[in-house]
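**Student:** Chain order of the listed sequences is A and B. Each residue of the first sequence is one higher than the one before, counting from 1 in the working numbering. Each residue of the second sequence is one higher than the one before, counting from 1 in the working numbering.
Please keep in mind that the hints were generated in silico from the structure rather than gathered at the bench. Treat the hints loosely; a few may be bogus.
Examples of chain B residues lying across from chain A (beta carbon under 8 Å, computed) [what the hints assert, rightly or not]:
hint, residue
1, L179
2, D182
3, V183
4, L185
5, I202
The calculated SDA-like cross-link candidates involving lysine to any residue, where the alpha carbons are at most 20 Å apart (straight line), are [stated by the list, open to error]:
hint, chain 1, residue 1, chain 2, residue 2
6, B, K199, A, K267
7, A, K106, A, T63
8, A, K106, B, F60
9, A, K103, B, D178
10, A, K103, B, L185
11, A, K155, B, L185
12, A, K76, B, L205
13, A, K130, B, N200
14, A, K76, B, D178
15, A, K103, B, V183
16, B, K278, B, L185
17, A, K103, B, F112
18, A, K76, B, V210
19, B, K278, B, Y121
20, A, K130, B, V210
21, A, K103, B, K278
22, B, K278, A, K76
23, A, K267, A, A358
24, A, K106, B, A196
25, A, K132, B, V158
26, A, K76, B, L72
27, A, K103, B, Q8
28, A, K76, B, P204
29, A, K132, B, K278
30, A, K76, A, K103
31, A, K76, B, N130
32, A, K106, B, K278
33, A, K103, B, A196
34, A, K109, B, K278
35, B, K199, A, F95
36, A, K109, B, A196
37, A, K132, B, A12
Every residue, glycine too, gets a C-beta built ideally from N, C-alpha and C.
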Amino acid sequence: MTETLLSLSGISKQFDDKTVLDELSLTIDDGEFITLLGPSGCGKTTLLRMMAGFELPDQGTVTLSGVDITQTPPEKRPLNTVFQNYALFPHMSVFDNVAYGLKMEKRPKAEIQERVEEALAMVQLEDFAKRKPHQLSGGQQQRVAIARAVVKRPKMLLLDEPLSALDYKLRRTMQVELKRLQRELGITFVFVTHDQEEALSMSDRIVVLKDGRIQQLGTPREVYERPANVFTARFVGQTNFFPGRVTKIEGERISVDVFGLNRDLSKPSFRVALNQSLHVLLRPEDIRVLAPDDTEGVAGKIVERNYKGSTLDSVIELEDGSHVMASEFFDEDDPAFDYSIGERVRVSWVDGWEWLLAEEGDEPLTDEEELAADDAEH
Amino acid sequence: MMLSIKQQPFRAAVLVLVWGWLLFLVLAPNMLVVGASVMTRNPSTFISFPLNLDAYRQLFNPLYLEVFLHSLYMAAITTLICLLIGYPFAWALSRVDKRRQMLLIFLLIVPFWTNSLVRTYALKLILATNGLLNSALISLGVLDEPAQLLYTEGAVIVGLVYLLLPFMVLPLYSVFEDLRQDVLLASHDLGAGRLATFKNIIVPLTLPGVLAGVMLVLLPAMGLFFVPDILGGSRNLLVGNVIKNQFLDARNWPFGAAASIVLTLTMALLMFAHRLSKRRLGEEGA
């Protein structure tokens, strides 16, 4: 049985007349790993700071295990935070950093000693207790920050982009380690990131945020495979947006015209009308690249190819000028498989792998979002 | 591979300039002072042989010891007041927005553009028996008759605080600027209230600034002889007055030199303490 641990309802926050959070409501279950994902400025960090008590909402309430903590100061909340830049106390040893929270609780000395050692062992830093933070590497400082936060056995651990300052390889290691810690401790983790890959691989549930509103709340699979709107589809992973037009509606099936191909698809959950335009979404790995003499698909030519180790990523330009991204796994039977630029191919996909979204008016990505999405991919 | 001096004339010129400066304008004068302090007083040539430690022995004369202690006491009070005003001021300064910050720092520095002697005379006009402060207090009905403000210990301390406050604020401002907000939040997050955070985090992290400020205020406060000259009357002397008098009036150079060296050594001791406190924070590791 999952129980609600923290619930936010109707949270609004403005900074200098700019709305950062807009009547946002969210419940977090006990023991889950939930990620707040979004581009910079989407309100994810503000939301986390509100849970920690560093920021008070203009409107709305925060309850923890049924108790209203909206106005409770951070030092009285049974939650702890891992800060983006670790925020270790530079004048204290690793031991004293980790012991700080327990000293504030006025725990007996022997208990502090034991619990600090235990916490340091958990992050494999037993031998570093006497060091000062500046004598540690970034990854080690990160672990101290985690030990310092979990030593108090909080009901919930709030992590504010904790891995963003680490290099790629270390980030992967820490991702695995954080998951392990969460499993072992059984603590609820609220994780803030702008990195969609990180969000997909670590979370039980993902909250996609934009402009202070929740765009989608779901499991990584739901968010990736069934994005709720164009923003989520664009922000999480790469997606081909094909223009479609409804040509026939028959029971639970509809026919959609895409690049002149007539595809027979199952009816989406939103209302469709005849001749309506809609987005047909296909992830690059769902695209099938066929030989030029194939009878199926649309004709085009390769304009870009990128060798990615396990996949070959290509961009195909169709005759109407639109670009299609494709990502194909190398096949054991044909390890030398490759394309040359300009090579003629045909593009198709398996019916049922597509995802349909209604058009939301004309919504080109703003520069800022595009940058943030770029950022998230690297 | 090192390039020879011939290949780097600019580098050579700079090195010669720096070393020359240090040698002739820092080391040599100080050695002269040290030399003078161990020589014998001579009315016609100021100093002469033989070498001896009489001047230092003279420092232990109860009269001078009293002047030194009273001077230290006034300087300490001055430093304490500067710290009490400067600490919250620097804290507030580091928390306001950038534009207001520039304005406040500008206002702090503006008085430096006027000679401090002139400013001390201005203070005299304010504190005088018929001065601005007394007149204002009388017309407000706080006082019935003018109070004796000038030529008191208080006047000297007011003068010293006024002149030296910026030297306390600036180093404190710099440590508060470096104090990261998330470190304070982390302290709250881990269960520390405001007082505990102040005691355990803010004070230790701003300590180097406090020591730097104390260094920049305490020592000069013992040396600014013109402040007691103008505001203090005869009883509120500073070590600076003693040194000045020995050189200009009493013509006892060895004694003046010895007093000045004791002052320098006190300064060196403070700087050593400052270094230790910085090392504790690991700021010198790199």
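**Student:** Does each hint hold? Answer for all of them.
**Tutor:** Status of the hints after comparison with the structure:
1. L179: violated, 10 Å
2. D182: Holds - the Cβ of D182(B) comes within 8 Å of chain A, reaching about 4 Å at its closest.
3. V183: With Cβ-Cβ at 5 Å, under 8 Å, it holds.
4. L185: At about 5 Å, which falls below the 8 Å cut-off, the nearest Cβ of chain A leaves the hint on L185(B) intact, so it holds.
5. I202: violated, 11 Å
6. K199(B) <-> K267(A): At roughly 65 Å apart (the allowed maximum being 20 Å), K267(A) and K199(B) break the hint.
7. K106(A) <-> T63(A): violated, 26 Å
8. K106(A) <-> F60(B): violated, 50 Å
9. K103(A) <-> D178(B): violated, 26 Å
10. K103(A) <-> L185(B): holds, 17 Å
11. K155(A) <-> L185(B): holds, 18 Å
12. K76(A) <-> L205(B): The given pair, whose Cα atoms are some 24 Å apart, is violated under the 20 Å limit.
13. K130(A) <-> N200(B): Judged against 20 Å, a Cα distance of about 18 Å means the pair holds.
14. K76(A) <-> D178(B): Roughly 27 Å separates the two Cα atoms, so the pair is violated.
15. K103(A) <-> V183(B): Holds: K103(A) and V183(B) sit about 17 Å apart, inside 20 Å.
16. K278(B) <-> L185(B): violated, 23 Å
17. K103(A) <-> F112(B): Answer violated: K103(A) to F112(B) is near 46 Å, above 20 Å.
18. K76(A) <-> V210(B): Violated, at roughly 31 Å.
19. K278(B) <-> Y121(B): Violated, at about 39 Å.
20. K130(A) <-> V210(B): violated, 26 Å
21. K103(A) <-> K278(B): With a Cα-Cα distance of about 25 Å, the restraint between K103(A) and K278(B) is violated, given a limit of 20 Å.
22. K278(B) <-> K76(A): violated, 33 Å
23. K267(A) <-> A358(A): holds, 12 Å
24. K106(A) <-> A196(B): Distance of about 12 Å is within 20 Å: holds.
25. K132(A) <-> V158(B): Judged against 20 Å, a Cα distance of about 42 Å means the pair is violated.
26. K76(A) <-> L72(B): It is violated: about 46 Å lies between the C-alpha atoms, which goes past 20 Å.
27. K103(A) <-> Q8(B): Answer violated: K103(A) to Q8(B) is near 58 Å, above 20 Å.
28. K76(A) <-> P204(B): violated, 24 Å
29. K132(A) <-> K278(B): holds, 13 Å
30. K76(A) <-> K103(A): Holds - the C-alpha atoms of K103(A) and K76(A) are around 15 Å apart, at most 20 Å.
31. K76(A) <-> N130(B): Not satisfied, since the Cα-Cα distance of roughly 57 Å exceeds 20 Å.
32. K106(A) <-> K278(B): Violated. K106(A) to K278(B) sits at ~29 Å, over the 20 Å cutoff.
33. K103(A) <-> A196(B): holds, 11 Å
34. K109(A) <-> K278(B): Violated. K109(A) to K278(B) sits at ~28 Å, over the 20 Å cutoff.
35. K199(B) <-> F95(A): holds, 19 Å
36. K109(A) <-> A196(B): holds, 18 Å
37. K132(A) <-> A12(B): violated, 40 Å
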